[in-house]
Amino acid sequence: MHLAAVDYMAVNGKSFLHKAGPHSKILMTLLLIAGVLIADSLAKLGLIFIFTAALVVLSEADLREILHLIIYPAFFSIVFALIGMQRSVAAGLAVLLRAIDAAMAVILLITTTSYVDIFAVLSIFLPGVILDIFIFTYRSLFILLEKLEDLLRSIRLRGGYHPLRLALNFRNTAGMIGVLIIHSFDMSDRLYRIYTLRGYSGRIPLTRKFKTGVCDVVLVVVSVLMLTGVIIKWSIW
Amino acid sequence: MSHIHLPDGILPFAWWASAYIVCIAVLCIMLRLIKKGEVRRKVPFTGVMSALMLISMSVPLGFIPIHMSLSVLNGILAGPALGFIAVFVVNIMLSLMGHGGLSVAGLNTLLMGSEVLIGYYMFTALKRHMKPSLAAGISALVALTVSVALMFGVLAATIGTEEALPGHESGEHGIGKEQPASFLSLSGWSAAAVILIIGMLTEALVTGLIVSFFSRVRPDLIDAPAVSESNRMG
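Each protein sequence line maps, in turn, to chains A and B.
According to the working numbering, the first sequence is numbered sequentially starting from 1.
According to the working numbering, the second sequence is numbered sequentially starting from 1.
The following block holds chain B by itself, in its conformation from the complex (with noise of 0.2 Å):
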């Protein structure tokens, strides 16, 4: 959900040199990760997992204008490091498309990438205490909290604190005009603001009633992610 739509040429060349650095360091890390023996059978499980975040970004919810990534149900299924790689792959094809930069993808990678790992290993440390939906729906919330947050100070950090922190508005600049106080009064990041809890929310409950459903139907899919998916291929 935090895939920042930047197009190249915002943010500026040490933002997104580092993070691209750090991205690769992070998949050689994820590529050490997986085991050798079992990345064959694993790969086209992948593949399909980075479709169906491709996929999930275009599926409308209504009048609400968000669209949910799926990073952290990825997590889940299929695991930190492959999640991760499938993350990057869903990010260099977006920007493909137009939908972000190139000189972006590393930092997006980033961004829902945290969502993934901080999604995985919550998840796993909250179902052996609460239901799996709930423990999804905890985990999902948490993780994009994180994820926005950093989206914020990568905002904070291209076009400065006071435009990118909710609650200014362009009329501040200087006017010194008071304004009443209205709690209706929805313009702007405050709009960007409320919007972003709303998709927050949404996506957590989204990914909660996804896994109550994969209980339901298939519970091996929770219970031991993509490798015992990988075992029962094989």
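Same shape as in the complex, but just chain A (with noise of 0.2 Å):
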């Protein structure tokens, strides 16, 4: 799923976006999906797509790795747009560039901005019970992961996985996946004891001050100004 590399990208990043707080970056996200599901013409898509892309170059991310999470809503998006496309190839190409568009804009918050600052704003709409749920989940998904690999890797060693056998596929997915709940109760147990020692009492603190400077009010304003035009019904058009 990429999460590491996304994680590293996010944390590690220096440009002028991973500098800019979680809030102005989640503003402009939502604006920018508000305007492709706006947007009314090849044009303004294609607009929206310049901006976006040339915000993902600023921001020194790996664009290989942008380029394989951008293929997924791509890929799911091309029955749709095929069926766009007997109206006209027009409507088919709106189709595709809208769901790059909406997902470039989200890839470019999440390789811009920790999970931890995403959270932290989401703290202000979101109960704590949610929240933390978040925070577990996102904190357990690398040690899982890494658990899942060493079990992959220690099934696939010992012979107990092919592409072609799928009856001893299954059973040993089904063990595999048995013996990773039996050990996520064991580190559940284990992460509620550590919580409960640190001071956890149902809600994990974050930090809500986010700082506002030039690259933030720059951001959302031109996002605005992005919005705003898509709005408007250009003649020109």
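No wet-lab data here; the hints were simulated from the structure.
These figures come from a predicted structure and were not determined experimentally.
The beta carbon of each residue, even a glycine, is placed where N, CA and C say it ideally should be.
Some hints could be false.
To give an idea of the interface, some chain B residues facing chain A are shown, with a C-beta separation under 7 Å as derived from the structure [unchecked claim]:
(1) Ala193
(2) Val194
(3) Ile198
(4) Val206
(5) Leu209
Covered by chain A, per the in silico footprint, the following chain B stretches (three or more residues, Cβ under 8 Å) [what the hints assert, rightly or not]:
(6) 8-22
(7) 39-47
(8) 83-90
(9) 131-137
Away from chain B, derived, C-beta distances all over 12 Å, residues of chain A [claimed, not checked]:
(10) Val11
(11) His23
(12) Leu58
(13) Val89
(14) Val129
(15) Phe134
(16) Asn172
(17) Phe185
(18) Asp189
(19) Tyr192
(20) Ile194
(21) Leu206
(22) Val218
(23) Val222
(24) Gly229
(25) Trp234
Join the two chains, each given in its own frame, into one complex according to the hints.
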């Protein structure tokens, strides 16, 4: 799922986008997605694409990883794009561009903002329980992924996985997930004890002081202008 | 399994907005169902369960182009309320990774949440009368059938009934040519339907096998999900 690569880019990046506050980047992402959903012409979608792509390049992200991440939504929109193309080529291309634009906006956010910062902004709106589950999910994910890789390697080395032997794969996959779940139970137990020792009382505290600099203002203003431009019915188109 | 990988901008506004409203309403009900005193103990487990669901979506099953979601198993182990919240968290995190649009996360939560709720209640009713592994397998199959039917309903509403239903091929658009029937002719939506059926059977089978594994190794996990676990932790 490229999670480790995304996390690495978000935490170690040094671009101006990485320095901008998470609140402004989340707002920018939402404005861009709103623009994508409202846009009624290929030109407007193309403009959003150019803007988002420029920001991706400026963010100094690993473009190969970004491309991998964009392939998923592009692939899943192809069926709908083909159906749209039965009406017109422009309609089909619009479906494809919408998917890519929106995905790129979200990917730009996650490759320039750490998940903890995103959760901090979400903590303004979400109940504490759900937010804590987000944090525990994120924390457990890396530990369990490592465990899964070890288990998969171990199964493969012992000849327990073969692409064409489905029955064997099912049995071993089920056993592997079973072991992983039992490991998870023990892990959640440990997590609970560790957090209780650290004073956890039902809500993990997150820093909510977001500094607003010139960069944040510029990002939001440009995004608002983009959205305004998308909403206006230009006579030249 | 019935997670829709629809990107943003495909589903009409009315659909995804109303799905979000229903999803938030269900989440509020689920949050009320969890006893306040127990929440603190259950939160880490739910987080780990969400992580497991995310991971299971990346486990390859050989040459079949599907992945499992383990939402029924999540319901069986975590219970309906925590299971539903876990599904919400999973869908938001997936959409942040480009797996399904952010606007579709509410709808995906409802689809996968239906698997959690149906799976949990069916398993609870069936396990009194049969082996837990069989009860889990049947519950998973029924829950997946319902959620896949709902998924096709959403697709039908988005792209039209004719396009969404299996059996319709792109070549049928008003050409009027009669084609000879063929038992091995699988393409387009027919192929997708076959893959979905294989996927449902696979997930049901794997869910049954995992519960069978628990019956042998840790039967306490199936007998009283999450609650007893939290007591055990204390």
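Cross-check of the supplied hints:
The interface hint given for B:Ala193 is broken, as the beta carbon of that residue sits about 14 Å from the closest beta carbon of chain A, more than 7 Å. A least Cβ separation of about 15 Å between B:Val194 and chain A goes past the 7 Å threshold, and the interface hint is therefore violated. Because the closest C-beta pair between B:Ile198 and chain A is about 10 Å apart, greater than 7 Å, the hint is violated. Checking B:Val206 against chain A: minimum C-beta separation of about 5 Å stays under 7 Å; hint holds.
At about 3 Å, the closest approach between the beta carbon of B:Leu209 and any beta carbon in chain A falls short of 7 Å, and the interface hint on this residue holds. With a cut-off of 8 Å between beta carbons, the region 8-22 of chain B has 4 residues touching chain A; three or more are needed, and the interface restraint holds. As drawn, the region 39-47 of chain B meets chain A at 8 residues by the rule of a beta-carbon pair under 8 Å; at three or more, the given contact holds. Coverage of the region 83-90 of chain B by chain A holds [criterion: at least 3 residues with CB-CB distance below 8 Å; count 5].
Proximity of the region 131-137 of chain B to chain A, defined as three or more residues with a beta carbon under 8 Å from a beta carbon of that chain, is not established by the 0 residues found. Distance check for A:Val11 against chain B: the nearest CB is about 15 Å away, which clears 12 Å, and the non-interface claim stands. Look at A:His23: its CB is around 16 Å from the nearest CB on chain B, clear of 12 Å, so calling it non-interface holds up. Every beta carbon of chain B lies more than 12 Å from that of A:Leu58, the smallest distance being close to 20 Å; the non-interface claim holds.
Every C-beta of chain B lies more than 12 Å from that of A:Val89, the closest at about 15 Å, which supports listing it as non-interface. Under the 12 Å C-beta cut-off, the non-interface status given to A:Val129 relative to chain B is violated; the minimum distance is some 6 Å. For A:Phe134, the requirement that its beta carbon stay farther than 12 Å from each beta carbon of chain B is not met, with the minimum near 6 Å. Residue placement check: A:Asn172 does not keep its beta carbon more than 12 Å from all beta carbons of chain B (closest about 10 Å).
Taking the minimum C-beta to C-beta distance to chain B, about 7 Å, the non-interface status of A:Phe185 is violated against the 12 Å cut. Interface exclusion of A:Asp189 from chain B breaks down, the closest Cβ pair being 5 Å apart, not more than 12 Å. For A:Tyr192, the requirement that its beta carbon stay farther than 12 Å from each beta carbon of chain B is not met, with the minimum near 5 Å. For A:Ile194, the non-interface assignment is contradicted: its Cβ lies about 9 Å from the closest Cβ of chain B, within the 12 Å cut-off.
Distance check for A:Leu206 against chain B: the nearest CB is about 15 Å away, which clears 12 Å, and the non-interface claim stands. With 12 Å as the threshold on Cβ separation, the claim that A:Val218 sits away from chain B holds: the shortest Cβ distance comes to roughly 23 Å. With a least CB separation of 20 Å from chain B, A:Val222 remains clear of the 12 Å interface cut-off, as annotated. Interface exclusion of A:Gly229 from chain B stands, the closest Cβ pair being 17 Å apart, more than 12 Å.
At the 12 Å boundary, the C-beta of A:Trp234 stays outside the reach of chain B, the nearest C-beta of that chain being 20 Å off.
Going down the numbered hints, you'll see the structure goes against 1, 2, 3, 9, 14, 15, 16, 17, 18, 19 and 20, while the others check out.
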